[in-house]
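Protein sequence lines correspond, in order, to chains F and U.
For what it's worth, this note's numbering labels the leading residue of the first sequence as 1, then goes sequentially.
For what it's worth, this note's numbering labels the leading residue of the second sequence as 462, then goes sequentially.
Just so you know, these hints were derived from the structure itself, not from any lab.
Just so you know, not all the hints are guaranteed correct.
[Unchecked claim] So these bits of chain F aren't anywhere near chain U, every CB distance computed over 12 Å:
#1 V57
#2 L65
#3 L66
#4 E68
#5 G72
#6 I73
#7 L165
#8 D233
[Unchecked claim] Cut-off 27 Å, straight-line C-alpha distance, at most; resulting in silico cross-link-like pairs (DSS-like, lysine-lysine):
#9 F:K249 <-> F:K284
#10 U:K675 <-> F:K82
#11 U:K614 <-> U:K645
#12 U:K806 <-> U:K783
#13 U:K656 <-> U:K621
#14 F:K322 <-> F:K373
#15 U:K548 <-> F:K81
#16 U:K704 <-> F:K81
#17 F:K70 <-> U:K796
#18 U:K754 <-> U:K725
#19 U:K578 <-> F:K81
#20 F:K82 <-> U:K545
#21 F:K93 <-> U:K665
#22 U:K728 <-> U:K744
#23 F:K90 <-> U:K754
#24 U:K548 <-> F:K70
#25 U:K621 <-> U:K754
#26 F:K39 <-> F:K87
#27 U:K624 <-> U:K754
#28 F:K37 <-> F:K82
#29 U:K704 <-> F:K70
#30 U:K623 <-> U:K704
#31 U:K525 <-> U:K576
#32 F:K361 <-> F:K249
#33 F:K90 <-> U:K656
#34 U:K665 <-> F:K87
#35 U:K754 <-> F:K70
#36 U:K576 <-> U:K796
#37 F:K82 <-> U:K754
#38 F:K315 <-> F:K249
#39 U:K704 <-> U:K614
#40 U:K656 <-> F:K70
Here a beta-carbon is modelled for each residue, glycine too, at the ideal position from N, C-alpha and C.
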Amino acid sequence: MKSTPTLRDRVWQISIGTFLVTIVLMFTSFTLYSMKKAKLAEEHVINELSSNIESQVNQFLPSFLLPEQKQGIDLLLERIKKNEGLKETKIVKGQSDIDFPFSHCKISQTDITTCTSQDQRLTAVVAPLRESDELFGYLFKSKENVSPNYLKEIVQVAFLSLIVLGVVFVGIYIFISRLLSRTLPTALDDLVSWIEADINGMRADKIDLPFKELEDLKIKISEVLDRYNSSRDQAIIGQLTSGIMHDIKTPLQSIVSAMYLVEEQEAGSLKRLSRLENAHLMSKTNLPIICNIIETTLDGNRSIKVQKNTDDIVKTIESSIKQNEEMAAFRNVEILKKLPCEKIIPHDSTQFMRVVNNLVKNAIEAAADSREKRTILISAEESESEIRLSVEDSGCGISGHPDKIFKAFRTSKARGTGLGLVITKKIVEAHGGKIVASKSAELGGAQMVVTIPNNRTEAVL
Amino acid sequence: MKLLTVLLLILFSTMTFGATKKVHIGLASNFSELSTVSFNPYGGYFRNGVKLALEHNSKRLADKQIEIVLKEFDYGADDLNVLKNVKEADRSGVSAVIGYNYSSNALMAAPLHAKLKLPMLSPSASANRLSSFGRYIHLGSFSNQYMAQVLAKFTVEGLKSKKIVVIPAGNCAYCTDLADTFEKELSRFGGTVVKRVLVIQEDKNFELAAQSLKGLDFDAVFIPNQELTAARIILSLLEAGIKKPFLGADGWGNEGSEFFNVLKGRKFDGYSVTHWHPGLKTKSSIDFVSSYKGSFKNLPNDSSVLAYDFMNFLIEAILSTKTHDRESVEEALRKIKVFTGVTGKYLMSPNKAPQKDILILKTTEAGFAVDQSVSLHRGQR
Numbered sequence: 001m002k003s004t005p006t007l008r009d010r011v012w013q014i015s016i017g018t019f020l021v022t023i024v025l026m027f028t029s030f031t032l033y034s035m036k037k038a039k040l041a042e043e044h045v046i047n048e049l050s051s052n053i054e055s056q057v058n059q060f061l062p063s064f065l066l067p068e069q070k071q072g073i074d075l076l077l078e079r080i081k082k083n084e085g086l087k088e089t090k091i092v093k094g095q096s097d098i099d100f101p102f103s104h105c106k107i108s109q110t111d112i113t114t115c116t117s118q119d120q121r122l123t124a125v126v127a128p129l130r131e132s133d134e135l136f137g138y139l140f141k142s143k144e145n146v147s148p149n150y151l152k153e154i155v156q157v158a159f160l161s162l163i164v165l166g167v168v169f170v171g172i173y174i175f176i177s178r179l180l181s182r183t184l185p186t187a188l189d190d191l192v193s194w195i196e197a198d199i200n201g202m203r204a205d206k207i208d209l210p211f212k213e214l215e216d217l218k219i220k221i222s223e224v225l226d227r228y229n230s231s232r233d234q235a236i237i238g239q240l241t242s243g244i245m246h247d248i249k250t251p252l253q254s255i256v257s258a259m260y261l262v263e264e265q266e267a268g269s270l271k272r273l274s275r276l277e278n279a280h281l282m283s284k285t286n287l288p289i290i291c292n293i294i295e296t297t298l299d300g301n302r303s304i305k306v307q308k309n310t311d312d313i314v315k316t317i318e319s320s321i322k323q324n325e326e327m328a329a330f331r332n333v334e335i336l337k338k339l340p341c342e343k344i345i346p347h348d349s350t351q352f353m354r355v356v357n358n359l360v361k362n363a364i365e366a367a368a369d370s371r372e373k374r375t376i377l378i379s380a381e382e383s384e385s386e387i388r389l390s391v392e393d394s395g396c397g398i399s400g401h402p403d404k405i406f407k408a409f410r411t412s413k414a415r416g417t418g419l420g421l422v423i424t425k426k427i428v429e430a431h432g433g434k435i436v437a438s439k440s441a442e443l444g445g446a447q448m449v450v451t452i453p454n455n456r457t458e459a460v461l
Numbered sequence: 462m463k464l465l466t467v468l469l470l471i472l473f474s475t476m477t478f479g480a481t482k483k484v485h486i487g488l489a490s491n492f493s494e495l496s497t498v499s500f501n502p503y504g505g506y507f508r509n510g511v512k513l514a515l516e517h518n519s520k521r522l523a524d525k526q527i528e529i530v531l532k533e534f535d536y537g538a539d540d541l542n543v544l545k546n547v548k549e550a551d552r553s554g555v556s557a558v559i560g561y562n563y564s565s566n567a568l569m570a571a572p573l574h575a576k577l578k579l580p581m582l583s584p585s586a587s588a589n590r591l592s593s594f595g596r597y598i599h600l601g602s603f604s605n606q607y608m609a610q611v612l613a614k615f616t617v618e619g620l621k622s623k624k625i626v627v628i629p630a631g632n633c634a635y636c637t638d639l640a641d642t643f644e645k646e647l648s649r650f651g652g653t654v655v656k657r658v659l660v661i662q663e664d665k666n667f668e669l670a671a672q673s674l675k676g677l678d679f680d681a682v683f684i685p686n687q688e689l690t691a692a693r694i695i696l697s698l699l700e701a702g703i704k705k706p707f708l709g710a711d712g713w714g715n716e717g718s719e720f721f722n723v724l725k726g727r728k729f730d731g732y733s734v735t736h737w738h739p740g741l742k743t744k745s746s747i748d749f750v751s752s753y754k755g756s757f758k759n760l761p762n763d764s765s766v767l768a769y770d771f772m773n774f775l776i777e778a779i780l781s782t783k784t785h786d787r788e789s790v791e792e793a794l795r796k797i798k799v800f801t802g803v804t805g806k807y808l809m810s811p812n813k814a815p816q817k818d819i820l821i822l823k824t825t826e827a828g829f830a831v832d833q834s835v836s837l838h839r840g841q842r
């Protein structure tokens, strides 16, 4: 099975590949450079060999005209060879004396001949030693086209370039490797956290991403999530509406049925009266249910206004607990309380009771699902400036980000609307407080902490 | 009518006899090749000698209604130009050419002069082969053979030196000819050349040549080269710590200003054979030096004195003949058997090097000094 390469592997492969390609290009360049240089060197050598040749011919000719001076020919040849750094200098009698690698060169009896050796490494100049009509021979000089200095120069440049290239590539490799193995994953981690927070309804406005591309990606993801949430909410609303209609239909059907039963009886009969009483009872029972369903739905979508009165909030809390004690007992859940005696604080006792009710009810339901200890703990701590109410349970806790539970239509209950905690949060915030969900350190389940400020001035006003 | 004819004949003969005859003579030398340290080129010394000879013979020439017109042919530093000069001289119609101071110049020119039947007079060239070209070639210097013989005898018998190192310039005909001849003469006197080190005439540093002598057993060094090269070789040998006697020939010169200038006042034992010395106390020499200094404000050297002597020789020939075409001049030159110049008596044999007295000079702090004179008749003293 083919494994997906890591970023580090990919960077390594690309770096090595680029390095090898660069080396090949570099050596190709050097080869072309040396070929060009060899050509220039050949021209340079021809110029060098030719520049003094006429005066040298004049220097040699007397040695052929005067036998006394023949002794100096070898010395002159040696001197020219040394002074000009030549490969070879000699006097040749004719074409037959031109040896390999210049044997292919055709020498002129009247003009200076220049010729390159068969392997292109040497250049020769051959000048006729002629006085009037008499040809004494030829002065032959040859020189290397590419001197060892050229080779040395190329090796030096190649070596230095390799060092520079190596340093550059190591630097680039370290930079890219660090970028891809640390910076980018960290940034992607941040982005994932941001997306998760966004999904959980805790969108953070500021997130430091190192690249503009990631910023753009974040915006795109945000737009996609918004569209997704919007369409999801629309679908949920549709389902919820159907559910509400179903919920309302049942009590309404009971009332309507009771009214039909009344109509069946004769007017003024006792049975009709009895059925009217039943219809009244049915209406009295079912209409608050319908109102409650409608009210709850509306509260989930509108802003809640509270009417604060300076009252004992502990009393409000105790009242709410009491309303749920029967259900706790029924669900076999123990309610533990750690409440102060009294705390006078401005609050809307009716609305705050809904808060406590909702939290306690949720806690009882969560604890009831627990296999072991079924306990909830309701505690309150007071300070000069606020009161802090905590409701904990021994349930399974909150999966995922805790803040997601405050988003509308998100519920873990089979028959929940997903609006309870939304309304709870709205009521708390209407009091200028805040609600935070977390894991209970003491009971291991969820912990909901509500903080309400003690702002008496506001209450007076 | 007869009277008129006689008068016209008298007038014609008066016009004919009264006209000055112009004899064109070529001067061939390296007039433009400046010496490295001298203010005067060698060609200049030669020209001065010729002009002084003309000046001193002006009355004799005027008496014979002869005017010698000089035409210069300058071959500069390039020996091959000598050949062009000879052809140019031939085309110019000169009756003879005097010059070719160096042996290599003379050897180059001689075959062509002989071929063109244009008399050539070389006052100072001494190469042995110059005596082999026959008619039209006239030499004012004794041969290398003679110089080598005198020097070899002096080396072995006078200096008691038998093991000799020879350092000639390989591209100098005078030098190699003299070296070869000396080697033969030396062996005749019981000496031997232990090593020959070839150098190039144009070199300025001879350190390698000096190094090649390290550890070699020898008594003296023979340096048969021209003045500047010889001085530079001696300097390199002295700097290498070689303190043996140095031997030379007429190439070393005799006036010595350039030679000693190169050597920067260094002391050494040096001996050379030559034609003349400006300090000679003979009347002709004193007069010549005085006259030369009067005219040219400096001392003459061997180029000027030999040019002076050999121009006098040519003038003698010109004065001795009525017609001055090349053949007449050649014949007149060949007829002179004995000639006396500032440098001494010349025993001439046609187209061969003359026999002359020779001087052995010694180097001193003041320059060259006459060590001894070798007379043809009395032998070496």
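Comparing the hints with the structure gives:
{"no.": "1", "hint": "V57", "in the structure": "violated, 9 Å"}
{"no.": "2", "hint": "L65", "in the structure": "violated, 6 Å"}
{"no.": "3", "hint": "L66", "in the structure": "violated, 5 Å"}
{"no.": "4", "hint": "E68", "in the structure": "violated, 4 Å"}
{"no.": "5", "hint": "G72", "in the structure": "violated, 3 Å"}
{"no.": "6", "hint": "I73", "in the structure": "violated, 8 Å"}
{"no.": "7", "hint": "L165", "in the structure": "holds, 48 Å"}
{"no.": "8", "hint": "D233", "in the structure": "holds, 105 Å"}
{"no.": "9", "hint": "F:K249 <-> F:K284", "in the structure": "holds, 16 Å"}
{"no.": "10", "hint": "U:K675 <-> F:K82", "in the structure": "holds, 23 Å"}
{"no.": "11", "hint": "U:K614 <-> U:K645", "in the structure": "holds, 12 Å"}
{"no.": "12", "hint": "U:K806 <-> U:K783", "in the structure": "holds, 26 Å"}
{"no.": "13", "hint": "U:K656 <-> U:K621", "in the structure": "holds, 18 Å"}
{"no.": "14", "hint": "F:K322 <-> F:K373", "in the structure": "holds, 21 Å"}
{"no.": "15", "hint": "U:K548 <-> F:K81", "in the structure": "violated, 35 Å"}
{"no.": "16", "hint": "U:K704 <-> F:K81", "in the structure": "violated, 33 Å"}
{"no.": "17", "hint": "F:K70 <-> U:K796", "in the structure": "violated, 36 Å"}
{"no.": "18", "hint": "U:K754 <-> U:K725", "in the structure": "holds, 25 Å"}
{"no.": "19", "hint": "U:K578 <-> F:K81", "in the structure": "violated, 42 Å"}
{"no.": "20", "hint": "F:K82 <-> U:K545", "in the structure": "violated, 32 Å"}
{"no.": "21", "hint": "F:K93 <-> U:K665", "in the structure": "violated, 31 Å"}
{"no.": "22", "hint": "U:K728 <-> U:K744", "in the structure": "violated, 32 Å"}
{"no.": "23", "hint": "F:K90 <-> U:K754", "in the structure": "violated, 50 Å"}
{"no.": "24", "hint": "U:K548 <-> F:K70", "in the structure": "holds, 25 Å"}
{"no.": "25", "hint": "U:K621 <-> U:K754", "in the structure": "violated, 39 Å"}
{"no.": "26", "hint": "F:K39 <-> F:K87", "in the structure": "holds, 18 Å"}
{"no.": "27", "hint": "U:K624 <-> U:K754", "in the structure": "violated, 42 Å"}
{"no.": "28", "hint": "F:K37 <-> F:K82", "in the structure": "holds, 24 Å"}
{"no.": "29", "hint": "U:K704 <-> F:K70", "in the structure": "violated, 31 Å"}
{"no.": "30", "hint": "U:K623 <-> U:K704", "in the structure": "holds, 16 Å"}
{"no.": "31", "hint": "U:K525 <-> U:K576", "in the structure": "violated, 31 Å"}
{"no.": "32", "hint": "F:K361 <-> F:K249", "in the structure": "holds, 26 Å"}
{"no.": "33", "hint": "F:K90 <-> U:K656", "in the structure": "holds, 25 Å"}
{"no.": "34", "hint": "U:K665 <-> F:K87", "in the structure": "holds, 25 Å"}
{"no.": "35", "hint": "U:K754 <-> F:K70", "in the structure": "violated, 40 Å"}
{"no.": "36", "hint": "U:K576 <-> U:K796", "in the structure": "holds, 21 Å"}
{"no.": "37", "hint": "F:K82 <-> U:K754", "in the structure": "violated, 46 Å"}
{"no.": "38", "hint": "F:K315 <-> F:K249", "in the structure": "violated, 37 Å"}
{"no.": "39", "hint": "U:K704 <-> U:K614", "in the structure": "holds, 21 Å"}
{"no.": "40", "hint": "U:K656 <-> F:K70", "in the structure": "holds, 18 Å"}
Comparing the model with each earlier hint shows violations of hints 1, 2, 3, 4, 5, 6, 15, 16, 17, 19, 20, 21, 22, 23, 25, 27, 29, 31, 35, 37 and 38; every other hint is respected.
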